[in-house]
Amino acid sequence: MQVFKAFYLILKKHMKPLFIYTGAYAFMLLLITQTAEDNMNSYFESTSLDISVIDRDRSQAAEALTEYLDSRHNLIEIEDTKKDIQDHIYYRYVKYILIIPEGFENNLMQGKTEDLLQHVQIPGSSQGRFLNNQIENYIKQVQIYLAGGQDIAAAMEAVQKTLADPLVETLYFGDKKESRNDTVFYFFQYLPYIYILLLVCGLAPILFALNKKEIQERTLCSSMNLMQKNVQILLGSVCYSILIYIVFAALGFLIIGKDMIRAETVYLLLNSAVFLIFAAAMTIFLCTLSPVNDSVLNFIANTVGLGMSFLCGVFVPQSLLSKPVLAAAKFLPAYWYIKNNNMLAGFSEEPFSRESFFTAVGIQALFAAAMFTGVLAVSKLKRQRR
Amino acid sequence: MFLHCFGYGIKNLLRSRDYLFWSLGFSIILATLFHVAFGDLSKGEGFIPIPTAVVLEESCPQPLKDVLDTLGEPGDGQLLEIQYASQEEAESLLKGKKVSGILFVGENVSLSVSGDMTYDKLNQSILQSLAESLHGSYEAVSEAAARSPEKLPQILAALQKDAAHNQEINYAGRNLDEGLTYFFNLIAMTCLTGSTAGAVTAAASQANLSELGKRKSVTPGKKQVRILAEVAATILMQFFAVSISVVYMWAVLGVDLGSSAGYVLLTVLAGSMAGVSGGFFAGCIGKSSIHVKIGVLMAITMLCSFFSGLMVGGMKLLVQRYAPWFNRINPAALISDSLYSLAVYESHTRFFQCIGGLFIISALFILAGAAMVRRQRYASL
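In the order they appear, the protein sequences are chains A and R. As numbered in the numbering used here, residues 1 to 386 make up the first sequence, in order. As numbered in the numbering used here, residues 1 to 381 make up the second sequence, in order.
Pulled out of the complex, with its shape left as it was, chain A reads as follows (with noise of 0.2 Å):
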């Protein structure tokens, strides 16, 4: 076990980087999962967003208006100077900041309807047009009210009472809602990025130096044949790997606790495993190809880790990419394990179904067997050039 024992030898020599990256991409994964989990309860009731609401008007009217947003949204207070403004929403303290100008009463009871308010929003964002549906809808109700002879106050409370009336019912068909925690989904999510930056970045330095020219010589005139030393070289990048998905199990379960243990979590740690697989087999395959110093193996591994997880879905959900972005994506294993993780969480349309789910697995291992036979065929080429 010569070659193993190098194997081993080369690591060590590695170690600092590594659990300087492991300690990194660890950190990450853990404020990735926090901020899921802070967003997580984003089940239809969360639509309360963070506004602000400057009344210039003082009027019973715009109180009233006020009243009616703080009683869905969370209003925070800004000072009416346009610094202020601009900063709250540069820095998105707020989502929407609502103007009410001067005579905003007077105009509502005269039946103006053009620019009786003003806001400002995060340009082109979906909650500016969310906070302006509300309005909108609010306003007319009162000019209805109005326009029935009634006066502002009147008209005001009766809109606050329409309003006041539950509308909306949330079902639940699978778990309920108090014992559902996702976080052990946004957790595998991110998963794919970070095995990839791993090992590329902890596996490929040590293969670069057992493929040196040198040694390879060394070894070749040596009385192992090749198989041996290709199996011995495969046997440590295993045993590397399989110790990456042990710390970040374990990662999983210290950040997730008893959440972790439930019927998807088996399911989840097939997908990652396969995926792990994919990740080392593609490691390899790239350290075939060529040897590079240690600055550009981190291009390199940034450029497949974080272009696969845009194209794929890992850091935006797939429902926001397009349909030829995820025809293209097919022909990447991430998509895959995304797809799994999508079906079991329930982010997607796709109901779980085991025959889908071990579809996926079994696409994600072909991806894998497809880069070691690239590997095969690459050293066979180098070996017949040689």
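Don't read these hints as lab results, they were simulated from the structure. There's no promise every hint is true.
[Said to hold, decoys possible] In silico lysine-lysine, PhoX-like type, Cα no more than 25 Å apart, as pairs:
{"id": "1", "chain 1": "A", "residue 1": "K112", "chain 2": "R", "residue 2": "K151"}
{"id": "2", "chain 1": "A", "residue 1": "K229", "chain 2": "A", "residue 2": "K213"}
{"id": "3", "chain 1": "A", "residue 1": "K112", "chain 2": "R", "residue 2": "K121"}
{"id": "4", "chain 1": "A", "residue 1": "K323", "chain 2": "R", "residue 2": "K97"}
{"id": "5", "chain 1": "A", "residue 1": "K229", "chain 2": "A", "residue 2": "K380"}
{"id": "6", "chain 1": "A", "residue 1": "K323", "chain 2": "R", "residue 2": "K216"}
{"id": "7", "chain 1": "A", "residue 1": "K323", "chain 2": "R", "residue 2": "K121"}
{"id": "8", "chain 1": "R", "residue 1": "K287", "chain 2": "A", "residue 2": "K16"}
{"id": "9", "chain 1": "A", "residue 1": "K161", "chain 2": "R", "residue 2": "K287"}
{"id": "10", "chain 1": "A", "residue 1": "K330", "chain 2": "A", "residue 2": "K12"}
{"id": "11", "chain 1": "R", "residue 1": "K98", "chain 2": "A", "residue 2": "K330"}
{"id": "12", "chain 1": "A", "residue 1": "K12", "chain 2": "R", "residue 2": "K287"}
{"id": "13", "chain 1": "A", "residue 1": "K12", "chain 2": "A", "residue 2": "K229"}
{"id": "14", "chain 1": "R", "residue 1": "K223", "chain 2": "R", "residue 2": "K287"}
{"id": "15", "chain 1": "A", "residue 1": "K212", "chain 2": "A", "residue 2": "K229"}
{"id": "16", "chain 1": "R", "residue 1": "K65", "chain 2": "A", "residue 2": "K161"}
[As the list claims (entries may be wrong)] According to the in silico footprint, chain A covers these stretches of chain R (three or more CB under 8 Å from chain A):
{"id": "17", "region": "24 to 35"}
{"id": "18", "region": "276 to 285"}
Where is the CB? At the ideal position from N, CA and C, for every residue including glycine.
Since the structure of chain A is provided, determine the placement of chain R on it from the hints.
Using the frame of chain A, we list chain R on its own:
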């Protein structure tokens, strides 16, 4: 002396073809992939009518039914794809994720959505707005008409009036494409990857870290001048590499980086300075090998980019909420903020605040690095 070292610094970097190729290729490949992935993110694919199950109760007034029919009428203005169903059928459609919600329309309008369809929040919100609007308007019309039937024409006129009540004030100057922020963060990350080149420059000038450093340390020239010249050469090369990527994004991919090309290039220069000087500073600390230092720098670069929102869009907002000071010292956030303020705001105050921050950070790194390697003597190597 300065120019001589500067020239050799440039030559040295030009000959590291691997590094040049990847520092350029990295951002160009990723920008192309971002362009492909986010090309349609803000444009959308046009509005697709929302599949909705409607349960009509016997008490449903005809006008409400007519409104629903209009909303479901095929054509440009179609908002809903309506399936009239019984309550059981509608619930089974919702359970099977075939519809975004169930509208119950009787004397009142109510809506049921599925808590399992967290991916469908936008459609659920639109349906909620619609339900509120239908319910509220119907209530308002019937109540007002019951109170003063003679005013029915005015009431109906108010109902049908479709006016823009709420004017948007454009403090922002321009509309910001959501996908653009990813490009800003990519440019920031590319600038910061210059830290590896900075660390290599630092190692190449220290006798205990590289062979080249040994040769350089026995030259009679002033060490500070030589180091400054080499750092300046690295910054210039990084600036050119990132500028090429930025030009590619702007000219080939059509990424709208704003109309002031000079300011964008100033951002790239400040960002490259921050990246290279940060790397130079790290390269000057301690005796760890260059591999370890590059590892640390790449991890820091990725963390800075992560906090500025490269991987998770809302991360910068979260940092702003809990640790706003970090956004003022995170070079990746400062670079992306500079580009953001250029693209969005007419005034350049905020832009210059960010650029000033980057220059201060760079100056501190270079001064601290230079102070660390100053007057170093080696008893043996």
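Going down the list of hints, with the structure as the test:
1. Of the pairs offered as hints, the one joining K112 of chain A and K151 of chain R holds, with about 18 Å between alpha carbons and a cut-off of 25 Å not exceeded.
2. In summary, the hint linking K229 of chain A to K213 of chain A is supported, as the alpha carbons are separated by about 15 Å, within the 25 Å threshold.
3. Restraint check for K112 of chain A and K121 of chain R: the C-alpha separation of about 34 Å exceeds 25 Å, so the hint is violated.
4. Proposed proximity of K323 of chain A and K97 of chain R is supported: the alpha carbons are some 20 Å apart, at most 25 Å.
5. The straight-line distance between the Cα atoms of K229 of chain A and K380 of chain A is roughly 14 Å, inside the 25 Å bound, and the hint therefore holds.
6. Taken as a hint, the K323 of chain A and K216 of chain R pair is broken in the structure, with Cα atoms around 57 Å apart against an allowance of 25 Å.
7. A threshold of 25 Å between alpha carbons decides the hint, and for K323 of chain A with K121 of chain R the separation of about 20 Å falls inside it, so the pair holds.
8. Simply put, K287 of chain R and K16 of chain A have alpha-carbon atoms about 13 Å apart, close enough for the 25 Å limit, and the pair holds.
9. Restraint check: the Cα-Cα separation between K161 of chain A and K287 of chain R comes to about 72 Å, which exceeds 25 Å; the hinted pair is violated.
10. About 37 Å separates the Cα atoms of K330 of chain A and K12 of chain A, which puts this hinted pair outside 25 Å; it is violated.
11. A hinted pair counts as satisfied when its Cα atoms are at most 25 Å apart, and K98 of chain R with K330 of chain A qualifies at roughly 24 Å.
12. Under the criterion of a C-alpha separation no larger than 25 Å, the hint pairing K12 of chain A with K287 of chain R is consistent with the structure, at around 18 Å.
13. At roughly 20 Å between alpha-carbon atoms, K12 of chain A and K229 of chain A fall within 25 Å of each other, so this suggested pair holds.
14. Under the criterion of a C-alpha separation no larger than 25 Å, the hint pairing K223 of chain R with K287 of chain R is consistent with the structure, at around 19 Å.
15. Simply put, K212 of chain A and K229 of chain A have alpha-carbon atoms about 14 Å apart, close enough for the 25 Å limit, and the pair holds.
16. Taking the CA atoms of K65 of chain R and K161 of chain A, the gap is near 24 Å; set against the 25 Å cutoff, the hint holds.
17. Only when three residues or more bring their CB closer than 8 Å to a CB of chain A does the claim for the region 24 to 35 of chain R stand; here the count is 6, and the claim holds.
18. Beta-carbon proximity to chain A at under 8 Å applies to 0 residues in the region 276 to 285 of chain R; the threshold of 3 is not reached and the given coverage is violated.
Figure legend: structure checked against the earlier numbered hints; hints not met, in rising order: 3, 6, 9, 10, 18.
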